[in-house]
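Let the sequences and hints guide you as you build the complete structure.
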Amino acid sequence: MGACLGACSLLSCASCLCGSAPCILCGCCPSSRNSTVSRLIFTAFLFLGVLVSIIMLSPGVESQLHNLPWVCEEGAGNPVVLRSHIDCGSLLGHRAVYRMCFATAAFFFLFTLLMICVRSSRDPRAAIQNGFWFFKFLVFVGITVGAFYIPNGSFPSIWFYFGVVGSFLFILIQLVLVVDFAHSWNQWWLGKAEERDSRAWYAGLFFFTLLFYSLSMAAVTLFFVYYTQPSACYEGKVFISLNLILCVCVSIIAVLPKIQEAQPNSGLLQASAVTLYTMFVTWLALSNVPDQECNPHLLTHLNGTVLAGAEGYVTQWWDAPSIVGLIIFILCTFFISLRSSDHRQVNSLMQTEECPPVLEASQQQQVEAGEGRAFDNEQDGVTYSYSFFHFCLVLASLHIMMTLTNWYRPGETQKMVSTWTAVWVKICASWAGLLLYLWTLVAPLLLPNRDFN
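Using the numbering used here, you'd call the opening residue of the sequence shown number 2 and step up by one each time.
Derived from the structure by calculation, the hints contain no laboratory data.
Warning: the hint list may mix true and false statements.
Stated by the list, open to error - Each pair of labels, with its calculated beta carbon distance range:
1) Ser158 to Ile56: 49 to 59 Å
2) Gln261 to Asn450: 18 to 28 Å
3) Phe133 to Ser199: 47 to 57 Å
4) Leu173 to Phe138: 42 to 52 Å
5) Gln261 to Gln230: 49 to 59 Å
6) Gly205 to Ile324: 27 to 37 Å
7) Ser199 to Thr222: 44 to 54 Å
Yeah, the Cβ is synthetic: ideal placement off N, Cα and C, and Gly gets one too.
Quick look at the structure:
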């Protein structure tokens, strides 16, 4: 009897490994959409790669790796290698991050191509999107193992520029998410204020708007204190001043009478959120300025001793900009996974077809019939673009690679070198983000025949 139960349990597990998202949920879990569960699991793959990258960056990993017997060998005049002829250096530091993120980006790019033009869950490819998780994990592991066999050569230098472009695009996506969140927040609290006839909701909006602007002004002050010098750092002064002026301009435009008439939901809450995010991107740019006098994050060393003004500077990867960037990355990635079919800005990017209203009754029946299971809500039309969702994860993989390596370029030696390329990419991303937000304000005036609701 026990053997039969064990065999049945094994068969059930095997069916779940090869089946769709419903098998992932337990009986105590709330009923969820099949599309939401799939996005969360794919996001878990991304976070798994991030976790491995962080572990490989940890200082104690190198010593532990070399202490393992029969793992690394060092021949006369040869680098330390695994018995399978993998350079052990590729398992550590920025080289491990580059390979791990390459594997993650390649995995999601494969699905980006595979899921082009999927229109409903009746498409055979939709079964691959929402199921076969065990085999997906095997593919992910296989790509990861293969990535560590890539010869060093020019790979780090070339992949750095892929990371720069991908991270630039993901910064813009983050701004879209910030604007969309602020819009939804503003609408929700204004609706509560009108519904309950209470001024407390208006006071809350005013408080957070004032808080965001106060944090932005404090950031500008700190930038001038720590990232500029009275007779130097002219580039940093220009970047800070210009971004401050641009943020003031878009804030004024957001409350102009004609803008308010064309777009009543526009307000200072969204402008303050965009201003604070712009200051964050400006901070990231200033933290990459390759001048120790203008960048307190740079450390120079000689024979293990930190020396001011010495040549050959390095950086601590786990510094304040990287930590804040990692937190914002995690929040935005969760936002993409959980709310991509519910929010307007993300919806306009990722949704290909509206889920027909007639499905609501059948979906409710599925929820009542299968508590703790995921129900298929995409039989007559997908709620988000599978292909674009995976492309966003490709960009997220490249962005986290640049974040963990602090946007430093691999040099001729094993050191990571700060360059002006990273500075200009981030500054240009902040300008592009402000232009994008400005377009959302003036578009209803310039194109009055289009519906921007």
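Do the hints match the structure? See the list:
1. At about 24 Å, the beta-carbon gap between serine 158 and isoleucine 56 misses the expected band of 49 to 59 Å.
2. A hinted range of 18 to 28 Å for the beta carbons of glutamine 261 and asparagine 450 is consistent with their spacing of about 20 Å.
3. For phenylalanine 133 paired with serine 199, a C-beta distance near 51 Å keeps the hint of 47 to 57 Å intact.
4. Our hint of 42 to 52 Å for leucine 173 and phenylalanine 138 is violated, since their Cβ atoms are close to 31 Å apart.
5. With their beta carbons about 42 Å apart, glutamine 261 and glutamine 230 fall outside the hinted range of 49 to 59 Å.
6. In this structure the supplied range 27 to 37 Å holds for glycine 205 paired with isoleucine 324, their Cβ-Cβ distance being about 28 Å.
7. Taking the beta carbon of each, serine 199 and threonine 222 are about 35 Å apart, not inside 44 to 54 Å as hinted.
Hints 1, 4, 5, 7, counting from the list given before, are not met by this structure.
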